[in-house]
Amino acid sequence: MHFSDDELREALRRKDPGEAFTQKVTARVAQQQAGGVTRSSAGTRFRGFWHLLGLRPVLVGTIVAVLAVGGSLGMMKYRQAQEARAGEAAKRQALLALHITNAKLNHVFERAKNPQSE
Amino acid sequence: MKTMARSKELFAAFLGVLLCCLAAPTQAQNARLKLEHLEKLGSKAAEVNNVTLDGDMLQLAVKFLDMDKDDPEAAQVKDIIKKLKGIYVKNFEFDEPNQYSTADVEEIRAQLAAPGWSKIIENRDKRNAKNNEIYVMKDASNNIAGIAILVAEPKELTVVNIVGPVDLDKLSALSGKFGIPGEKKDKDREQHKKKASAENSDEEG
Numbered sequence: 001m002h003f004s005d006d007e008l009r010e011a012l013r014r015k016d017p018g019e020a021f022t023q024k025v026t027a028r029v030a031q032q033q034a035g036g037v038t039r040s041s042a043g044t045r046f047r048g049f050w051h052l053l054g055l056r057p058v059l060v061g062t063i064v065a066v067l068a069v070g071g072s073l074g075m076m077k078y079r080q081a082q083e084a085r086a087g088e089a090a091k092r093q094a095l096l097a098l099h100i101t102n103a104k105l106n107h108v109f110e111r112a113k114n115p116q117s118e
Numbered sequence: 001m002k003t004m005a006r007s008k009e010l011f012a013a014f015l016g017v018l019l020c021c022l023a024a025p026t027q028a029q030n031a032r033l034k035l036e037h038l039e040k041l042g043s044k045a046a047e048v049n050n051v052t053l054d055g056d057m058l059q060l061a062v063k064f065l066d067m068d069k070d071d072p073e074a075a076q077v078k079d080i081i082k083k084l085k086g087i088y089v090k091n092f093e094f095d096e097p098n099q100y101s102t103a104d105v106e107e108i109r110a111q112l113a114a115p116g117w118s119k120i121i122e123n124r125d126k127r128n129a130k131n132n133e134i135y136v137m138k139d140a141s142n143n144i145a146g147i148a149i150l151v152a153e154p155k156e157l158t159v160v161n162i163v164g165p166v167d168l169d170k171l172s173a174l175s176g177k178f179g180i181p182g183e184k185k186d187k188d189r190e191q192h193k194k195k196a197s198a199e200n201s202d203e204e205g
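Line by line, the protein sequences give chains S and E. First residue of the first sequence: 1, per this note's numbering; consecutive thereafter. First residue of the second sequence: 1, per this note's numbering; consecutive thereafter.
Treat each hint with caution, since some may be false.
Here are some, though not all, of the chain E residues that point toward chain S, as calculated from beta-carbon distances under 8 Å [claimed, not checked]:
#: 1; residue: 41
#: 2; residue: 87
#: 3; residue: 123
#: 4; residue: 131
#: 5; residue: 134
#: 6; residue: 136
#: 7; residue: 144
FYI, nobody ran anything at the bench for these hints, they're computed from the structure. Cβ atoms here follow ideal geometry from the backbone N, Cα and C, with glycine treated the same way.
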């Protein structure tokens with residue numbers, strides 16, 4: 001196939017794309033910009049959390065202190081309950097032991113006084 | 001020369017005091033009987049009461065008895081146990097007679113034959129196979145450092161071993177309800193015995 005110089009010049013000449021093309025390009029650019037803004041706002045929020053911790057040491061300290069005090073109180077209550085259980089058991093054992101001792105002591109004394117008893 | 005003799009006397013006195021201090025707790029320790037060999041009877045017994053209270057547990061019991069300020073019985077019990085070093089009770093009640101052996105009892109008697117122990121009461125009823133004995137251990141100051149009560153009857157074997165200064169009169173005079181289930185059972189048993197003896201006398205009459 002052979003093209004003449006005039007044919008080539010006509011084919012490569014500048015042409016106006018038209019109003020519709022310009023509108024399409026403008027719309028697509030706007031759409032891409034909107035998507036970029038969304039991604040950037042999530043990152044800002046994540047950075048903001050650390051920023052908050054960094055800037056509010058009092059708040060962080062208070063949270064840690066509340067957790068520590070709560071934990072210690074819980075542990076103290078648990079130990080007290082355990083000691084109370086052990087103490088009640090020891091008391092019951094002591095009462096039982098003395099009850100048996102008292103009964104057997106009096107039984108032996110009674111038999112010593114009156115061998116014919118029972 | 002005089003100074004030398006004086007220092008020797010002082011050293012001897014110091015040694016004497018030291019030995020006394022060491023001997024007192026040793027004697028109190030010796031008042032504890034070995035009762036582990038009785039554990040096997042638990043499986044044969046219809047009822048078992050096993051108490052082992054020493055050291056921290058005894059102090060804990062005193063602390064908790066101290067909380068019952070309004071209870072005169074708790075005060076009585078606390079008064080008795082506050083100076084004790086240990087309370088050990090093994091009580092077995094059987095449905096059938098002869099569930100424990102003579103060897104079980106002899107093993108306890110052998111320990112009570114050791115120096116320091118002296119038998120203060122003994123009731124032996126061969127006809128009914130009932131042997132009840134009370135032993136005390138005294139320290140150098142002639143104070144009671146421990147007691148042992150041995151009740152060996154056909155359907156019952158009880159050994160009570162208390163280590164530490166005990167007042168037998170106070171122990172015997174304890175007369176509270178103690179708030180423990182055994183009390184009711186004892187009363188029921190006594191009533192049952194009275195009823196049985198009344199029935200027997202009616203039959204005889």
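Here is how each hint holds up against the structure:
Against a cut-off of 8 Å between C-beta atoms, the interface hint on residue 41(E) is violated, since the closest Cβ of chain S lies about 16 Å away. Because the beta carbon of residue 87(E) sits about 5 Å from the nearest beta carbon in chain S, less than 8 Å, this interface hint is met. With a cut of 8 Å, the hint placing residue 123(E) at the interface with chain S holds, because the nearest CB-to-CB distance is about 4 Å. Interface hint status for residue 131(E): violated, as the beta-carbon distance to the closest one in chain S is roughly 10 Å, over 8 Å.
The beta carbon of residue 134(E) comes within 6 Å of a beta carbon in chain S, closer than 8 Å, and the hint placing it at the interface holds. Because the smallest distance between the Cβ of residue 136(E) and any Cβ of chain S comes to about 12 Å, over 8 Å, the interface hint for this residue is violated. Proximity of residue 144(E) to chain S is violated relative to the hint, the smallest CB-CB distance being about 13 Å (cut-off 8 Å).
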